[in-house]
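So the chains spell out like this:
There are 2 protein chains.
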Amino acid sequence: MSGSESASDLYERLLAGDRRAAARLISMVESGDITARATLKMLYEHAGRAYIVGLTGSPGSGKSTLAFRLAGEYRRNGHTVGIICVDPTSPFTGGALLGDRVRMQDIAADPEVFIRSMGTRGAVGGLSVATNDAIDILDAFGKDYIIVETVGTGQVEIEVMKYAHTCIVVTMPGAGDEIQAIKAGILEIGDIFVVNKADRDGADTAIADLEMMIETGPRTVQAGWKPLVTATAATNGAGTEDLAGAIERHAEFLRTSGLLEEKTEQRMKAELLDILNLRVSLAAEKALEEDVAGKELVRMMTARQIDPYSAADVMVAYLLKRVGGEE
Amino acid sequence: MSGSESASDLYERLLAGDRRAAARLISMVESGDITARATLKMLYEHAGRAYIVGLTGSPGSGKSTLAFRLAGEYRRNGHTVGIICVDPTSPFTGGALLGDRVRMQDIAADPEVFIRSMGTRGAVGGLSVATNDAIDILDAFGKDYIIVETVGTGQVEIEVMKYAHTCIVVTMPGAGDEIQAIKAGILEIGDIFVVNKADRDGADTAIADLEMMIETGPRTVQAGWKPLVTATAATNGAGTEDLAGAIERHAEFLRTSGLLEEKTEQRMKAELLDILNLRVSLAAEKALEEDVAGKELVRMMTARQIDPYSAADVMVAYLLKRVGGEE
Numbered sequence: 002m003s004g005s006e007s008a009s010d011l012y013e014r015l016l017a018g019d020r021r022a023a024a025r026l027i028s029m030v031e032s033g034d035i036t037a038r039a040t041l042k043m044l045y046e047h048a049g050r051a052y053i054v055g056l057t058g059s060p061g062s063g064k065s066t067l068a069f070r071l072a073g074e075y076r077r078n079g080h081t082v083g084i085i086c087v088d089p090t091s092p093f094t095g096g097a098l099l100g101d102r103v104r105m106q107d108i109a110a111d112p113e114v115f116i117r118s119m120g121t122r123g124a125v126g127g128l129s130v131a132t133n134d135a136i137d138i139l140d141a142f143g144k145d146y147i148i149v150e151t152v153g154t155g156q157v158e159i160e161v162m163k164y165a166h167t168c169i170v171v172t173m174p175g176a177g178d179e180i181q182a183i184k185a186g187i188l189e190i191g192d193i194f195v196v197n198k199a200d201r202d203g204a205d206t207a208i209a210d211l212e213m214m215i216e217t218g219p220r221t222v223q224a225g226w227k228p229l230v231t232a233t234a235a236t237n238g239a240g241t242e243d244l245a246g247a248i249e250r251h252a253e254f255l256r257t258s259g260l261l262e263e264k265t266e267q268r269m270k271a272e273l274l275d276i277l278n279l280r281v282s283l284a285a286e287k288a289l290e291e292d293v294a295g296k297e298l299v300r301m302m303t304a305r306q307i308d309p310y311s312a313a314d315v316m317v318a319y320l321l322k323r324v325g326g327e328e
Numbered sequence: 002m003s004g005s006e007s008a009s010d011l012y013e014r015l016l017a018g019d020r021r022a023a024a025r026l027i028s029m030v031e032s033g034d035i036t037a038r039a040t041l042k043m044l045y046e047h048a049g050r051a052y053i054v055g056l057t058g059s060p061g062s063g064k065s066t067l068a069f070r071l072a073g074e075y076r077r078n079g080h081t082v083g084i085i086c087v088d089p090t091s092p093f094t095g096g097a098l099l100g101d102r103v104r105m106q107d108i109a110a111d112p113e114v115f116i117r118s119m120g121t122r123g124a125v126g127g128l129s130v131a132t133n134d135a136i137d138i139l140d141a142f143g144k145d146y147i148i149v150e151t152v153g154t155g156q157v158e159i160e161v162m163k164y165a166h167t168c169i170v171v172t173m174p175g176a177g178d179e180i181q182a183i184k185a186g187i188l189e190i191g192d193i194f195v196v197n198k199a200d201r202d203g204a205d206t207a208i209a210d211l212e213m214m215i216e217t218g219p220r221t222v223q224a225g226w227k228p229l230v231t232a233t234a235a236t237n238g239a240g241t242e243d244l245a246g247a248i249e250r251h252a253e254f255l256r257t258s259g260l261l262e263e264k265t266e267q268r269m270k271a272e273l274l275d276i277l278n279l280r281v282s283l284a285a286e287k288a289l290e291e292d293v294a295g296k297e298l299v300r301m302m303t304a305r306q307i308d309p310y311s312a313a314d315v316m317v318a319y320l321l322k323r324v325g326g327e328e
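So the protein lines, in turn, are chains A and B.
In case it helps, the numbering used here puts the first sequence at residues 2 to 328.
In case it helps, the numbering used here puts the second sequence at residues 2 to 328.
Just so you know, these hints were derived from the structure itself, not from any lab.
A few of these clues could be false.
Claimed, not checked - Which chain A residues stay away from chain B? Per the calculated CB distances, all over 10 Å, these: (1) Arg20; (2) Ala232; (3) Ala294.
Said to hold, decoys possible - One-sided and incomplete, this derived list gives chain A residues near chain B with beta-carbon spacing under 7 Å: (4) Lys42; (5) Gly49; (6) Gln267; (7) Met269; (8) Ala271; (9) Leu273; (10) Leu277; (11) Val281; (12) Leu283; (13) Leu289; (14) Val299; (15) Met302; (16) Thr303; (17) Arg305; (18) Pro309; (19) Ala313.
Just so you know, even glycine gets a beta-carbon here, dropped at the ideal spot from N, CA and C.
Go ahead and model the full structure; you've got the sequences and the hints to work with.
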């Protein structure tokens with residue numbers, strides 16, 4: 002690829018609505034291809050209009066199906082939709098590709114729904130950066146709603162959820178441990194809680210449990226919003242309209258309270274920090290693997306001749322000299 | 002606290018076997034108290050002897066009970082043990098404290114077992130750094146085996162597992178989704194797979210499933226080692242001896258193959274990178290929250306006047322100037 006020409010070519014094609022250009026650009030950011038940056042920089046001013054909905058909850062809760070139902074609901078109302086499935090577990094087994102294949106069956110019909118799975122391809126932190134880039138790409142591509150779905154509730158997923166305007170936590174009836182897990186980790190990030198598979202026994206109990214948890218739990222993220230609890234049955238679509246309504250109520254709350262702007266700023270900061278961390282990590286990893294000074298540092302640590310904090314000091318000084326010299 | 006005196010005081014007490022000194026120092030690293038570093042630096046040369054066992058698997062698999070059984074087995078053989086329970090979900094609800102209380106019932110009897118829960122108190126990345134520090138502290142404190150248990154299988158947990166010499170993945174019979182989750186994420190990091198609760202129906206199937214998965218799955222972490230599958234019933238202790246034996250076989254493999262040294266080097270690199278990332282993150286966060294230049298950068302990003310990659314460039318230059326000026 003010859004850098005700038007392709008970059009502006011991708012840019013033009015993407016703004017003209019070419020899905021393959023969007024897919025190509027997302028593949029580039031996912032694989033850490035830095036030639037994508039020229040295009041991203043150009044696209045950035047066209048992004049910033051999409052509403053970002055985060056969807057999390059543990060495996061088996063039916064998140065993916067729910068994401069499709071929600072996308073369908075938005076489509077019925079004339080909106081365009083992007084779905085990004087974030088799977089931090091896929092570096093090892095190519096889960097993202099499998100995900101793509103499963104999803105392909107559903108999307109064939111509608112060119113206005115763009116679906117993409119993202120896995121970790123590179124360093125820790127690479128997934129957050131790539132996810133953010135993908136959001137910006139689909140945003141600039143003109144999608145009104147971008148649904149970001151995560152496969153688990155680990156720290157990476159929680160970080161990703163922070164980027165969403167509205168964060169939805171999905172659970173299901175009878176998932177006792179499930180609700181404990183929510184309690185322990187993601188109660189505070191949920192703006193809306195969904196009891197999916199609500200046609201099963203125990204849905205009322207699950208809803209009551211969640212409501213009590215919300216009443217008694219700490220709510221630190223956004224003052225003034227009491228999380229909503231809704232029930233859905235994603236397999237037949239029941240409750241999807243209610244869920245879309247709940248999201249709209251939260252969006253309205255964010256707009257009127259001024260928190261929308263604050264959320265956007267938080268996302269900008271997180272995005273910048275992710276890029277910064279990834280950059281430092283990659284530079285440091287390279288130094289430790291390839292440079293004489295870096296290798297010597299690892300040897301000294303292994304031999305317990307230098308402690309990791311002092312080694313980090315040495316590395317900071319070393320990177321400063323290198324990066325400084327490059328500029 | 003007056004820095005250096007307390008640091009050397011803690012150091013002396015810890016090397017003299019004072020549990021409260023160890024607990025105090027771990028609390029300091031967990032809360033991100035940088036005055037702990039002076040003591041850590043002194044302790045570092047005394048660490049490096051412990052064998053680190055990682056224990057992961059999803060909630061409900063009985064990991065904690067298994068960790069206690071394993072600790073009991075080591076104690077019977079005259080070894081000392083440290084247990085660190087890593088809980089990335091606890092920043093929100095203080096889960097680590099709850100964990101401590103539950104565990105307290107079991108440990109009262111044995112002063113040679115040191116048990117500690119660790120939650121995220123600060124920035125992302127802080128937990129990895131604190132966990133590493135805690136490992137080093139218990140190592141210098143003279144524990145022969147350090148069992149690091151994680152509550153989930155997110156990316157942070159997988160990172161933590163990389164520090165272990167032997168990584169054990171715990172599952173249980175009938176956990177179909179469970180095994181899928183393992184397949185998707187942590188098959189490759191497991192040196193030993195345990196089917197816990199093996200007194201339940203379906204244990205044989207679970208074992209067979211795991212064995213097939215190992216046969217057909219990719220094994221990229223360590224060439225030459227075929228993961229072992231063992232069965233335990235942690236509630237009554239059955240199978241614990243076999244598990245300890247499997248760990249010893251893996252340890253022997255690492256020693257004879259030369260991979261032990263390689264694993265140690267990997268841990269050193271990861272430890273250094275974690276510290277470096279945390280340092281950069283904290284400095285950048287501070288700049289974005291407090292400095293005029295940082296705030297302006299966030300404003301420009303929010304207004305889409307600068308893209309995040311260019312903003313990261315600006316931030317790197319800004320931090321370089323600041324960090325450079327401090328030295």
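Hint-by-hint comparison with the structure:
1. Arg20: 23 Å, holds
2. Ala232: 22 Å, holds
3. Ala294: About 13 Å separates A/Ala294 from the closest Cβ of chain B, which puts it past 10 Å; holds.
4. Lys42: 5 Å, holds
5. Gly49: Since chain B brings a Cβ to about 5 Å from A/Gly49, closer than 7 Å, the hint holds.
6. Gln267: 9 Å, violated
7. Met269: Cβ of A/Met269 sits 4 Å from chain B, so the hint holds.
8. Ala271: 10 Å, violated
9. Leu273: Because about 5 Å separates A/Leu273 from the closest Cβ in chain B, which is inside the 7 Å limit, the hint holds.
10. Leu277: 5 Å, holds
11. Val281: At about 5 Å, which falls below the 7 Å cut-off, the nearest Cβ of chain B leaves the hint on A/Val281 intact, so it holds.
12. Leu283: 10 Å, violated
13. Leu289: 5 Å, holds
14. Val299: Holds, because the Cβ-Cβ distance from A/Val299 to chain B comes to roughly 5 Å (cut-off 7 Å).
15. Met302: 4 Å, holds
16. Thr303: Since chain B brings a Cβ to about 5 Å from A/Thr303, closer than 7 Å, the hint holds.
17. Arg305: Where the cut-off is 7 Å and the nearest Cβ of chain B is about 5 Å from A/Arg305, the hint holds.
18. Pro309: Nearest chain B Cβ about 5 Å off; hint holds.
19. Ala313: 4 Å, holds
In the structure shown, a violation is registered for the earlier hints numbered 6, 8 and 12, in ascending order.
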